[in-house]
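Asks: So you can see what is in the structure, the chains are spelled out below.
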Amino acid sequence: MGKRSLIGLAAMALCVGAQAQKTTADGIAEYRKMLEDGNPAELFEAKGEELWKQKRGPKNASLEQCDLGQGPGVVKGAFVTLPRYFADTQRVQDLESRLVSCMATLQGFDAAEIAKTPFGRGEMANVTALATWVASMSRGMRFNLPQGHPAERQSYEVGKRAFFFRAGSHDFACATCHAEDGKRIRLQELPNLTKNPGDGIGFAAWPAYRVSNGQMWGMQLRLNDCFRQQRFPYPGFGSEVTIDLATFMGVNAKGSESIAPSIKR
Amino acid sequence: MSSIRFIIGGSAALALLVGCATGPSPEELDARAKQAIQSSFRDQGIAKIDRLNQDPALAACSSDKAPDDAVADRVMADALNTVKWPAGGQFVGDWRRGEAIAQSGRGMTWTDASADPKDNGGNCYNCHQIDEKEISYGTIGPSLWNYGKNRGITDVAAPATAPIVHYTWVKLWNPRAYAPCSNMPRFGHKGLLNEQQLRDLMALLLDPKSPVNQ
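If you're matching them up, the sequences are chains A and B in order.
Here the first sequence is numbered in our numbering, starting from 1 and rising by one per residue.
Here the second sequence is numbered in our numbering, starting from 1001 and rising by one per residue.
Mixed in with the good hints there might be a few duds.
Straight-line C-alpha distance at most 25 Å; calculated DMTMM-like pairs for lysine to aspartate or glutamate [unchecked claim]:
(1) A:K47 - A:E64
(2) A:K183 - B:E1134
(3) B:K1133 - A:D26
(4) A:K76 - A:D199
(5) A:K116 - B:D1112
(6) A:K264 - B:E1134
(7) A:K254 - B:D1064
(8) A:K183 - B:E1132
(9) B:K1065 - A:D181
(10) A:K183 - B:D1131
(11) B:K1048 - A:D225
(12) B:K1065 - A:E152
Honestly, the hints are just simulated from the structure, not real lab data.
Only a predicted model underlies this, so the values are computations on that prediction, with no experimental measurement involved.
Just chain B, same shape as in the assembly:
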């Protein structure tokens, strides 16, 4: 009895000691950080504080550590479930309009008047090389030069190309379907670009006539 009390008392003292030596626990700091984030921002224009709300896919990818496999698998499965396929099975639009969308970095900031996708750009060149004639490109994402050509696409409507066409649509709609913590925005899922804009970006990447595939 007395020895049990001694052990309990000893471990409590130890916990107190460790607590003093290390400061707040990681969980306490997580909670503190959440409070700090919530109290530090305010609405401005179209950028409201509800943008701080995280869905499970964001919460899983908000530290310097990757989520464990079970969480990663769920994020990817949930992301795949969000994908809406284009009306009439029309996946590919006009690469010329796609290039303009890829060039534009506009949209969704507190200095933008509208949150309508038609006023948004795709920000693509900010992070990717696409048409190699554009020398001002970012390197956060991989190069997309020759994206369709490298994948052997000679006819976007051919049945044999369907898997890569579908893959690319999913990647634009919700890239978390293939990489749980992808840096890329979820253009379809978050309503950043509309269906026609996504078709036009598909054309830029896949159309054999697109400058990207020369």
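The shape of chain A in the complex, shown without the other chains:
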């Protein structure tokens, strides 16, 4: 399936070149629809599943006892309840930062070292593949983040404030682009993330495979590139703002269906 998807994708890319010249927004919508037929994210899902089961790291252990919030080793349904509070780390964690915690405690990797690794490289690429697979195990399920613990409620409130925080050279906040319905940048439609934007939209679509650059992006990289375009300084991997923004978006998306891993422009 993987190889056939890639060949199909290459053929589609050729079609798109011709199509973009003769049509407008309809053509682009059609192109996006065609892309859904074959998603290279499947390759990352397969890699993630293998990494989960493989004995690795200084402790030569697998991640099969990792607790993603549903109990050790329970993967199905975990994605649609993250970020959440974890008693062992005493922090609210998103999927990616939680995976790094498991890689540290179970496998003996250096969490700080992984957090410093650029996206797409080394163990960071493995975190993305793992997140892609974990997300795929909740495909079709509906978001339902817990808000029972005071730290989870604080995470939402801090995330909301970070969402509206205007700064940087251009005075942008997340809210500049993502607080109204039906807006676009160029032709790119922008989800309103202050409320539930609908099934498979916004928070419910990441991790996603990016066709434009051939990369697999988790929510951490999605937010990182938002901040780059927002002309902010660089957000740390798993930093409080990135996790609290995910809590804000995830709680707002309550009841929407996860289509992750999806495919994007």
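Please build the complex by placing chain B on the supplied structure of chain A, with the hints as guidance.
Replies: Same frame as chain A, now just chain B:
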């Protein structure tokens, strides 16, 4: 005496109870959010952490609620005071260069090498329709198609057009002068575009020969 003590004790207990029921106060959460923002970012290239510092205009517009009238009025008055008028009273440049600046979304990210305005674009089409021949435009800002024509401009140098020319310069320099929480960057005030680039954008919007006004 004892009844006063009872009231004081009662209100303290009530405050404690409310505190327990609702968690941290909005002010405590504001402070917590400020700490979280400060500790979550680091310098990268030209994008330094001093970009997180807010001036009063940013602080007034960083929640889901609009500032009250007094604050809004002060933000607008302060913004108007920041405006520098162009040298020699030359407001209008070349619309062709203006179109190129409007098209470019480059500049000021941590992957850009230089913060010199000459390396920056205006990002205009990201948010506005401008020349209607460009179909790839954003909708965060209003359409600027026929901007000058709709305002009856046939000669940018005519005295009668001065108010709209001045208004447009202020809008590009510091849009907070007219809308305290405008989403638009403060291109002149924040040094994102230089005077000549602003003149060229003025021409794109105002020059009767600009494709925008056909």
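Asks: The structure should be examined with respect to each hint, and the outcome stated for every one.
Replies: Cross-check of the supplied hints:
For the hint linking K47 (chain A) to E64 (chain A), the alpha-carbon distance of about 15 Å falls within 25 Å, and the restraint holds. Using a Cα cut-off of 25 Å, the hinted pair K183 (chain A) and E1134 (chain B) holds, with the two alpha carbons roughly 17 Å apart. About 17 Å separates the Cα atoms of K1133 (chain B) and D26 (chain A), which keeps this hinted pair within 25 Å; it holds. Of the pairs offered as hints, the one joining K76 (chain A) and D199 (chain A) holds, with about 19 Å between alpha carbons and a cut-off of 25 Å not exceeded.
The hinted pair formed by K116 (chain A) and D1112 (chain B) meets the criterion: a straight-line CA distance of about 21 Å does not exceed 25 Å. Proposed proximity of K264 (chain A) and E1134 (chain B) is supported: the alpha carbons are some 23 Å apart, at most 25 Å. Proximity of K254 (chain A) to D1064 (chain B) is assessed by CA-CA distance (about 20 Å); at most 25 Å being required, the pair is judged to hold. Restraint check for K183 (chain A) and E1132 (chain B): the C-alpha separation of about 18 Å stays at or below 25 Å, so the hint holds.
Proposed proximity of K1065 (chain B) and D181 (chain A) is supported: the alpha carbons are some 17 Å apart, at most 25 Å. Between K183 (chain A) and D1131 (chain B) the CA atoms are separated by roughly 19 Å; this keeps the pair inside 25 Å, and the hint holds. A hinted pair counts as satisfied when its Cα atoms are at most 25 Å apart, and K1048 (chain B) with D225 (chain A) qualifies at roughly 16 Å. This hinted pair checks out: K1065 (chain B) and E152 (chain A) have alpha carbons roughly 23 Å apart, not beyond 25 Å.
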